[in-house]
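So the chains spell out like this:
Number of protein chains: 2
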Amino acid sequence: MAIPHAGSGEPINVQPLGAHLQSTKTKALFKSEDLEVIRLVLLAGKSLPPHKVPGEITIQCVEGKIDVTAHDKSHLLVAGQLLFLAANEVHGVIALEDASALVTIALKK
Amino acid sequence: MAIPHAGSGEPINVQPLGAHLQSTKTKALFKSEDLEVIRLVLLAGKSLPPHKVPGEITIQCVEGKIDVTAHDKSHLLVAGQLLFLAANEVHGVIALEDASALVTIALKK
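So the sequences go chain by chain: S and U.
Using the numbering used here, count along the first sequence one by one with no gaps and you end on 111.
Using the numbering used here, count along the second sequence one by one with no gaps and you end on 111.
With the rest of the complex left out, here is chain S (with noise of 0.2 Å):
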């Protein structure tokens, strides 16, 4: 069932939060049928524990440092990289600075 945050044909900003970033709270930008991109938000030393998906994402830096460990490395992102992570890859996230993220999750029915 879709659960559209944004419907399809509105534009949404995804510009770097500058100065709100640290008042503005990790969320869904849109659920659909096959995809949800979530805007995540982890202040520096915040993280995500390890944990998996059941499909394929990206997770793309727009601001600041993380470093995501995944295929027992640790992957540095800064803004404007991307990393791909295949399904049910167990992956962690650490912000290194104030941080905000991209997150694209491919959905499994």
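No wet-lab data here; the hints were simulated from the structure.
Some clues are possibly wrong.
Derived contacts from chain S toward chain U, CB cut-off under 10 Å, selection only [what the hints assert, rightly or not]: (1) Pro51; (2) Thr60; (3) Ala72; (4) Val80; (5) Ala108.
Listed next, the in silico BS3-like pairs over lysine-lysine satisfying Cα-Cα at most 25 Å (straight line) [claimed, not checked]: (6) U:Lys110 to S:Lys54; (7) S:Lys111 to U:Lys110; (8) U:Lys111 to U:Lys29; (9) S:Lys111 to U:Lys111; (10) U:Lys48 to S:Lys33; (11) U:Lys33 to S:Lys110; (12) S:Lys33 to U:Lys33; (13) U:Lys67 to U:Lys54; (14) S:Lys110 to S:Lys33; (15) U:Lys54 to S:Lys111; (16) U:Lys111 to U:Lys54.
Non-contacting residues of chain U with respect to chain S, defined by C-beta distances greater than 10 Å in every case (computed) [stated by the list, open to error]: (17) Pro51; (18) Lys54; (19) Lys75.
Every value quoted in this text rests on a predicted model; they were computed, and no experiment measured them.
In this text, a Cβ means the ideal position worked out from N, Cα and C, and glycines have one as well.
Given chain S's structure and the hints, the job is docking chain U onto it.
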């Protein structure tokens, strides 16, 4: 069948192309089981004619300015704006300025 252009776990640069835009061609950054990500490069005045794909897509303008026609109206996207389009939504793209965009496609088996 997965045809990875970049493996799971390798960061991919998706920064603005800047001075390299005019000499860069559209290319798939990777194509896997569930997701394909393309960096679309369109010079001012160039366009993609109306077409559709079987899965949902997002179009994220990285630099410049593009107009996406879908749902019988036009959607102006500047850098940092993302448009979600439903599966099989007919859409065309024209560049109003030299532009690049990340296109993420949910693949259908």
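Inset, instruction - Measure nothing beyond the straight line between the CA atoms of Lys33 of chain U and Lys110 of chain S; if it is 25 Å or shorter, mark the hint as holding. - result: Holds, at about 17 Å.
Inset, instruction - Would you assess whether Pro51 of chain U, listed as outside the interface, keeps its beta-carbon beyond 10 Å of every beta-carbon in chain S? - result: For Pro51 of chain U, whose nearest Cβ neighbour in chain S is about 19 Å away, the distance exceeds 10 Å, so it holds.
Legend entry - Straight-line alpha-carbon gap Lys67 of chain U to Lys54 of chain U, limit 25 Å: Holds - the C-alpha atoms of Lys54 of chain U and Lys67 of chain U are around 21 Å apart, at most 25 Å.
Inset, instruction - Grab the minimum beta-carbon distance between Lys75 of chain U and chain S and tell me whether it stays above 10 Å. - result: violated, 8 Å
Legend entry - Status of the hint placing Ala72 of chain S at chain U (closest C-beta pair under 10 Å): holds, 6 Å
Inset, instruction - Take a quick look at whether Lys111 of chain U and Lys29 of chain U sit within 25 Å of each other, Cα to Cα. - result: holds, 21 Å
Legend entry - Satisfaction of the Ala108 of chain S interface hint, Cβ to chain U closer than 10 Å: Holds: closest Cβ of chain U sits about 3 Å from Ala108 of chain S, inside 10 Å.
Inset, instruction - Say whether it holds or is violated: Lys54 of chain U keeps its Cβ farther than 10 Å from all Cβ of chain S. - result: Non-interface label stands for Lys54 of chain U: nearest chain S Cβ at 12 Å, farther than 10 Å.
Inset, instruction - Would you check the hint for Lys48 of chain U and Lys33 of chain S, treating anything up to 25 Å between C-alpha atoms as holding? - result: Distance ~31 Å between Lys48 of chain U and Lys33 of chain S Cα, so the pair is violated.
Legend entry - Hint consistency between Lys110 of chain U and Lys54 of chain S [alpha-carbon to alpha-carbon, up to 25 Å]: Holds: Lys110 of chain U and Lys54 of chain S sit about 22 Å apart, inside 25 Å.
Inset, instruction - Assess, step by step, whether the Cα of Lys33 of chain S is no farther than 25 Å from the Cα of Lys33 of chain U, and give holds or violated. - result: Since the Cα atoms of Lys33 of chain S and Lys33 of chain U sit roughly 21 Å apart, the hinted pair holds (cutoff 25 Å).
Legend entry - chain U contact restraint on Val80 of chain S - CB to CB distance below 10 Å: holds, 9 Å
Checked against the numbered hints above, the structure violates hints 1, 10 and 19; every other hint is satisfied.
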